[in-house]
Each structure stands twice: as structure tokens, then as C-alpha cells.
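Can you build the whole structure from these sequences, using the hints too?
In order, the protein sequences belong to chains A and B.
One point on numbering: in the numbering used here, the residue at position 721 of the first sequence is 729, and numbering is uninterrupted.
One point on numbering: in the numbering used here, the residue at position 27 of the second sequence is 518, and numbering is uninterrupted.
No lab work stands behind these hints, which were simulated from the structure alone.
Note that this is a predicted model, so its numbers are computed, not measured.
Be aware that one or more of the hints could be misleading.
Within a straight-line C-alpha distance of at most 20 Å, the following computed DMTMM-like cross-link-like pairs (lysine to aspartate or glutamate) qualify [claimed, not checked]: (1) Lys341(A) with Glu521(B); (2) Lys622(B) with Asp660(B); (3) Lys454(A) with Glu700(B); (4) Lys588(A) with Glu702(B); (5) Lys753(A) with Asp597(B); (6) Lys301(A) with Glu362(A); (7) Lys415(A) with Asp90(A).
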Amino acid sequence: MTQEISRELIQKHNLTLEEYDKIKQILGREPNITELGIFSVMWSEHCSYKNSKNVLKLLPKDGKRMLVKAGEENAGVVDIGDGLVVVFKIESHNHPSAIEPFQGAATGVGGILRDIFTMGARPIVSMNSLRFGSLEEPVSRRLLSGVVEGIGFYGNCIGVPTVGGEIYFDECYEGNPLVNAFSLGLAKREEIVKAKAEGPGNPVFYLGSATGRDGMGGASFASKDLSEESDKDRPAVQVGDPFLEKLLLEAVLELLKSGCVVGIQDMGAAGLTCSTCETASRGNTGIEIDVAKVPQRETGMIPYEIMLSESQERMLVIIKKGREREAKKIFDKWDLHAEEIGFVTDDGLMRVKENGVTVAEIPAKVLADDAPVYVREEKEPAYLKKARSLDPRSLGNPGDLNAALLKLLDSPTIASKEWIYHQYDHMVRTNTVVLPGSDAAVIRIKGTDKSIAISVDCNSTYCYLDPYEGGKIAVAESARNVACSGARPLSITNCLNFGNPMNPEIFWQLKKCIEGIRDACLIFETPVSGGNVSLYNQNLRRRTNPPSSVADEVRAIDPTPTIGMVGLIEGREPVTSYFKTEGDTILLLGETKEELGGSEFLKVIFKTKAGKPPRLDLKAAKILVDLLVAASEKGLLKSAHDCSEGGLAVALAESCILEKGHEVGAKVNVSLGSLSNEALLFGESQSRVVISVDPKNLKNTKELIESFRFPYQVIGETGGKRLEINELIKAPLEVLSHTWRSSIKRRMER
Amino acid sequence: MKFGVVVFPGSNCDYDCYHVLKHVLNQQAEFVWHKDWDIKKFDCIVLPGGFSYGDYLRTGAIARFSPVMESIVHHSNQGKPVIGICNGFQILLEAGLLPGAMLRNDSLKFVCRHVYLRVENTETPFTRKTKKDEVLRLPIAHGEGNYFAPKPVLDGLIKNRQILLRYTDETGTVTEGANPNGSRENIAGICNLKGNVFGLMPHPERASERELGSTDGIKIFKSILSSS
Chain A
9 MTQEISRELI
19 QKHNLTLEEY
29 DKIKQILGRE
39 PNITELGIFS
49 VMWSEHCSYK
59 NSKNVLKLLP
69 KDGKRMLVKA
79 GEENAGVVDI
89 GDGLVVVFKI
99 ESHNHPSAIE
109 PFQGAATGVG
119 GILRDIFTMG
129 ARPIVSMNSL
139 RFGSLEEPVS
149 RRLLSGVVEG
159 IGFYGNCIGV
169 PTVGGEIYFD
179 ECYEGNPLVN
189 AFSLGLAKRE
199 EIVKAKAEGP
209 GNPVFYLGSA
219 TGRDGMGGAS
229 FASKDLSEES
239 DKDRPAVQVG
249 DPFLEKLLLE
259 AVLELLKSGC
269 VVGIQDMGAA
279 GLTCSTCETA
289 SRGNTGIEID
299 VAKVPQRETG
309 MIPYEIMLSE
319 SQERMLVIIK
329 KGREREAKKI
339 FDKWDLHAEE
349 IGFVTDDGLM
359 RVKENGVTVA
369 EIPAKVLADD
379 APVYVREEKE
389 PAYLKKARSL
399 DPRSLGNPGD
409 LNAALLKLLD
419 SPTIASKEWI
429 YHQYDHMVRT
439 NTVVLPGSDA
449 AVIRIKGTDK
459 SIAISVDCNS
469 TYCYLDPYEG
479 GKIAVAESAR
489 NVACSGARPL
499 SITNCLNFGN
509 PMNPEIFWQL
519 KKCIEGIRDA
529 CLIFETPVSG
539 GNVSLYNQNL
549 RRRTNPPSSV
559 ADEVRAIDPT
569 PTIGMVGLIE
579 GREPVTSYFK
589 TEGDTILLLG
599 ETKEELGGSE
609 FLKVIFKTKA
619 GKPPRLDLKA
629 AKILVDLLVA
639 ASEKGLLKSA
649 HDCSEGGLAV
659 ALAESCILEK
669 GHEVGAKVNV
679 SLGSLSNEAL
689 LFGESQSRVV
699 ISVDPKNLKN
709 TKELIESFRF
719 PYQVIGETGG
729 KRLEINELIK
739 APLEVLSHTW
749 RSSIKRRMER
Chain B
492 MKFGVVVFPG
502 SNCDYDCYHV
512 LKHVLNQQAE
522 FVWHKDWDIK
532 KFDCIVLPGG
542 FSYGDYLRTG
552 AIARFSPVME
562 SIVHHSNQGK
572 PVIGICNGFQ
582 ILLEAGLLPG
592 AMLRNDSLKF
602 VCRHVYLRVE
612 NTETPFTRKT
622 KKDEVLRLPI
632 AHGEGNYFAP
642 KPVLDGLIKN
652 RQILLRYTDE
662 TGTVTEGANP
672 NGSRENIAGI
682 CNLKGNVFGL
692 MPHPERASER
702 ELGSTDGIKI
712 FKSILSSS
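Okay, structure coming up:
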């Protein structure tokens, strides 16, 4: 089949004319349509990071615990001692979820799990970071409901607990929700497998689901703006089968244990194309496959379609020659379809045949690793100056502060997420020692004295108002959350969700956020183990009740660099966020400043997303983490809860009401100094944690804090059925609890 | 005592049950692949939770045709204990070892959380280590746990004291609000007429260690041990 490559065709493949010239140079001739398709997906942002590579290299990747560094394999590998490693990653499935929330989210979970188990690790926990527009909009409710159902559908069936994460609501995500899926697996150090095609002559097997036309070109779909036209891209969303993936999971782990595998890779984004050229590139070999041998679920598929399909639950497995029968036995046990579709070669080429006739031939290494890299133009966004200049005090009187607290607890960003996590099986595998709702999820490792704590965080409003500070804060908050559970932060994975990088203002946001993440990671000694970049998150915002003269506008999402922090607890039990008993002493660690800019308080009470967001002193943030870990090691903490959105008042309220049926009140008196009442209660100054301790441990606790030279105040005592803060807040727990617990349910089930 | 934990394609609580039996209770426990048929050596068979065959067609509908099921019928006919948890309960219903059927939760949503249950009958091999009217706190995690049976069958279950667990509030009172899925009679677990086959939707294996927040579930496994 010869088809002339026209300008339109090149454009349709999201390639520039310069890129096309580079392709011709590589091949020394014009590409055919199959080759053009292959290049287009491998050179999409999703696969090649061509627009972000230059700034991603700023991130620190080295550390003594890092066994596989970011970018080397499908996921990073971190040593947790005693011969054990954890493998983890966070990845976006934003665009598919915007078009088809249920399948988009479900296949996001499926994809990240495959990245983990193809490395030889058994997935033991999933989390996610979800962002939607306001729940007052029907479209946001439809998306939330579909995404949650999709995540549950996949995770519950495959039997990996989904233990929570974060959910955030802001108008900027209307029509472009973010679905970032995190998964972590556990393996023995020697069990880790590489995705390499080594040993010329070794057979290449195709394992799993048959190939169809679903998900055609998903990687390039994820690399352009969403628009009204996007609905037409619906075939680019894949359909997931968690049962099949469960069989794949068990079969792959059994296969890897048998020792007959050379290398294995999931067919995720860019499907057969990506898995063949990447395994060959890593193995410094070539690979030859015949698409006619690929199991197909539709008739009449051409090589172009087979190579670009993103049908789910498929793997490429390279088996040691002579051990095919052994492998076949395992495939059969799990009722899985496997076909030998090719073999490893030594000529460095990715050769695709159809019934013996070559239809594509491209140098594998160049294709996989040498995508064009761009240095994009950057410019400080025009909105920043004005947005940051707002003085929160100029907004006037917020009215009754008790009512303000209730409004904040009712804000879906702050409110209890139980409506959501009750739909996830968060207990399967019986390792979830801290249930969803605390600052970090904690998963024990059976047969050891170790637990893993995980927190997924990003305050995108801070990033919108100050990307550098926001990037730092995302890392610091996740480190603090993990440390509140008593864990020592080890490493992060990140998912960088931004708008169109061709816009210099967006690129500036991306770069500043990355610089913030870098500086924070260096201080916390938490290198980046891997992650993913999701650009082009912007949408035409349709106003259902248009109050404004600007009816529709194209707007990027707020910069959202989601951080997944992994920490380790050894030899002790985790600390949780809620007050345990009456009569405990409450302390506030850290300093409260007049910092209301970018706060949830301004958003909820004044409908304003502006002001200067809180500053983060990285040194203080690190001391706090060390202090929390030390206090937990000494067994001093009965509870520890981070102050984040909603400030001190919300943190105290949550500690009172988090544990259903076990609510414990509190009476506190915080020194006001020169602060406004609003800043004291609802300001979001960084590096603050509310802890409670047994009064008999107060002296030791104070001494410990003082030895770290960290600021603190003893602010009160637990007990009673109310929360009282100075003379400002006096609220029955029943009311606080009901408001906070029912907020999302009320909105979703009305 | 020797336990056989059956593994169907899609079972996902198999290891959790095995862990409690083997490492918490120090019993002999082995996995039984669903294509095996020789289960003579086991004293008790456990059908664990999960999504056997991906819940395709109907929960438990395909698993009941697995080769091992014929042997399990034989095992139960000999009066030996069989316990089916969650998806295991659904399989027992599909196989006709227990009466009734499961419908989708009335909320139409999957639900995973702790619930309170009242023990209705302590004179069975699965409950003899509990006290009369004891309230247990165990987690549930299912999308189809809405137990249904026609009135005469329900009457029979009540009359013959085959209802072993009911959803209640914290105080042990049967209320509509305490029913997480719409089950008839707030039924969470039933046994057969002989009392040696027990199916329940809650997960006792998820509440058998202090670290997990409740140890009420271990009482069910200990009951089985004490009955051998």
C-alpha cells in the first residue's frame, strides 16, 4: 500500500514540517504511512517529552536508595532495606477521562498497575489525585461520578486496595478534569526485571488481549488541546478489562519467577510501537515482528492500525530461546492467549513485516530516544502581578467566623471524601493499617516491621499564584503528611499537569514549578524516581449560567504538579490524625503568619483566587519533618495532623471529627499577637502541624521540640463535645461532623 | 486443622484468608486451584472473596462450574465445614449449597466500610466462639450483597435459625439505616439446614489482627477450629 505523504497528513499526525524533515533524514528516504504513524506517536509529547525534557532534567534523580532512576525503566525502584524494594509511579489519564470518565479512569488504573508488575513487583496499593470543576456544575458531577466508578471498577476487581489520595475542586478544571493514578509495588531486590530485548534470536511473544481499533493514537490524542471536537476522539479512549489484567498480573509474576523471561514491557501508550522499539533500544538490539501474527479482534486491520492501537491488557514478552514450552504452560494455566510474533535481532532496527513483507523499518534507538527536544519560549504570565497584588484585608468583614468554619468544612475540597473512598475496596490484601482520611495512607509489609506511608498532594492555587513557591509547597506538604504518620520521606514521583507548552506563559509556569520541586527535593533528600507529564490541559469553558460577558474562553488549568511522596516507617506503629482520648495536651508546631493569600478561605468566603500565597521556608520544613519522625520514634505522638487548606481551625476540627463514632472535642487558646482573627483561624502558613500528646509526656515533648529549635505553642486540651478556639469559635462536634461528612454526598445525590 | 483455600481466576482475598489461617492462627493451610478436584485431605474449605471470572454474567455464576465445585458439594454432603466469604458466598448461592440470590446493592454502588453485625445463632461451627447477641465490627466490600429470597424461604431461614449474622447499628439493633445494601431481613450471613455450610458478605479475614483495627473476625475462624 503506497500512500503519498501530504502536508495535511503530516499535520494530522501532529508533526511539524521540520520534524518530518528529520524523519526523512533518519530513514534516508520518505517514510511510508505506517512509519509516519510510528514516528508520530513516539514523538508525541506523551512518549517523548520533547517539550519538557529540557526542564525535567533539572529534577534530582540520584540518591543512595535509588536502584532504578527516573526515565531508565517503566517505574523507579527504591531500596527499603532487608533485600526489599518498592516500585512506584504516578501517571495521568486526563484526556481520556474528560471524554469518557468511566473507561478513562479505569484504564488509567490498569495502565499504572501494568507498569508496576511488569517490573516484577506485586502491586500492593493504589492511590489517586483527582481534580474537577465545581460540583455545582452538572458536568462536574457526571465526571466525578464516572471517574470514581471507573477507578473502583478496575481496582476492586483486580484486588489492589485504593487507599485514597486527594480530590480538589476548582473552576479551572471544568471540562478538563485531572485523573492521576498512583500505584506502588513490592519486590525482592533480585526480582526486579528490566524491559530489555536482549540476545538476538530470542523469541518475542505477544500476551493478553487481542488488538482492536480502540485507543487508536491515544498518545498523540493526549498531546493536543481538548476541544469541542474532542468528543469525536472517543475511539481514542480504550476499554479496560480488569479480570483479564488480574490473570496477566498473576501469570507475569509467575513467569518472571520461573526465570525464562529476558525482558517484558506493557503495551501502554503507543502500544506495540513503543514496546518494541523501547525494549530493543534498551537492549542495544533490534527487533522484528510480523503484524499478521498479532491476535486481532477486528478484521481488515492494516499494519498502521495494529502498530498504533492502544487496546488494553497487552504485553510484549521476550523469552529465552528454548524455554518457550515452559512459558506456554504458564500462559495456559491462566487461560491467556499468547502468540510468538517475532524475534530479537542484532541489526538495531525495528522491522515490522506483514506476512513476510517489510512494512516499516526504522532504527530502534533513534526512534525511542532521539525525538526532537525543544527549548520553548518562556514569559512571566500577565495575570500574575494583578492577582498577587490583592491584600486580603481589603476584602472587608467575612461575617460570623463560626459560619465561615462551617462553610469551609462544607467546601468539597476540604470535606470528607468518604462518599468516594467507600466505593473503593481500600482493605483488600489486609495491609491497610491506616484507613483513608488521615494525612497519609499507611500500608504494612507483612513479615517485616516496615510500613510504607504515601501521600499525594498539590495545591494548584498556590502554583497558579506563584509556581515556584507552589512547587516547593507541593513537595513539602507531601513530606509533612508522610512525616505526620511517623514515616521518613524517601522519594517522590510526580505528575506534571499543565496547559499548552507552546504558550510561553504556560512554559514559564512549568519551569518555575519544576525549579520549586527541585529545591524542595534537594532539601528533603527525596529524589524523583519517575513520573509523567501531561500537557495541553486546557479547554473551552462552557458557562451553563453565564453571568459574564466573556461567555466562553479558552483557558489552561492551573499548574498542577502532583507529588506522590513515599516514606518508610520501621519498627513502630503509624501515627494517625485524629484525637484519641480526652485530656490530652494539644500543641501547635510552627509559626502562624498573616497569610491568607491563595487560601481556601478567600475562595469560599470571598469567591476570590488571588493574593500572595504563603511562603515556605525550606529549612524549617525539613526540621519539622525530622522533628515529627523523632517524636514518633520516641512514641510521643497520640495524633499529628498537618495544617493545610482551611488553616488551623479546619485542622483542629478535622482532628476532632475524623474518626466516625469516636469524636473528641477540644478547647484551645492560641496567642494572637498582631494577627487578624481570620489569619489565625484560616490562614495557610506553611510548616504547621497540630499534635496531641499524653500530659505525662508533655515535658519530654517540649524538650524534644526545643532541641530542634522549632517554634511551638501549647494551645489547649482535648475533651468535651465541642470545638472551642479562643473566643472566636464555639461549635458542637455534631454540627461540624455532619457538615463535613455529608458535603459531597449532598451534592452528588441531590 | 487443615484448610483448603480455593483459588478461582479472579479470586483476590485468597491470600488474605491463607494469611490469617497460616500466620495468625498457625493452622495448616493450602491453596486449591479451581481445576483440582481432590480435596479429601482438607477438613475445612474456604471460598474466598474477589471477582471470580470478573463477575461476568453474574457474580459466582461461572465459578460454580469449576471442577473443584463438584468435590466441594461432596465435601459438604459429608458434613464437613465450608465457609464462603463475599464472592465465596455468592458462589455458594449459585451452586445451590445455600438458598437465595444476590442482587446489586440498593445504592447501585460498591461499598467498602466497617459495619456492625449481630450474631443470631451461636450454636453453629462458625459462631460458637461468640456470645449470644454479640455485636461484631467487620468490613464489607461488595457491589452485589443485597440478599434476596422469596418469603417462604426467608421464613424457613428464620424458623430453622439459619440466619447467623444481621446488619445492625452499634447497639445491635436491626434498623433500616444499618442495612448497607438492602438485604432482606438485614441478612449478612446464613448457613444451610445442616449448619456446616456458611456464607457471609463481611470479611472476617480483614478484622483478625489488632493492627487492622478490629479482631472480631478471628472469632469466626476460632469457632471453626473449636468444632473439629
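Do the hints match the structure? See the list:
1. Proposed proximity of lysine 341(A) and glutamate 521(B) is supported: the alpha carbons are some 18 Å apart, at most 20 Å.
2. As the CA atoms of lysine 622(B) and aspartate 660(B) are separated by approximately 17 Å, the hinted pair is consistent with the 20 Å bound.
3. A C-alpha spacing of about 12 Å is found between lysine 454(A) and glutamate 700(B), which places the hinted pair at or below 20 Å, so the restraint holds.
4. Between lysine 588(A) and glutamate 702(B) the alpha-carbon distance is near 16 Å, which keeps this suggested pair within the 20 Å criterion.
5. Of the pairs offered as hints, the one joining lysine 753(A) and aspartate 597(B) holds, with about 16 Å between alpha carbons and a cut-off of 20 Å not exceeded.
6. Among the hinted pairs, lysine 301(A) with glutamate 362(A) is consistent with the structure: their alpha-carbon atoms are about 8 Å apart, no more than 20 Å.
7. Of the supplied pair hints, the one linking lysine 415(A) and aspartate 90(A) is violated, its CA atoms being roughly 48 Å apart against a limit of 20 Å.
Checked against the numbered hints above, the structure violates only hint 7.
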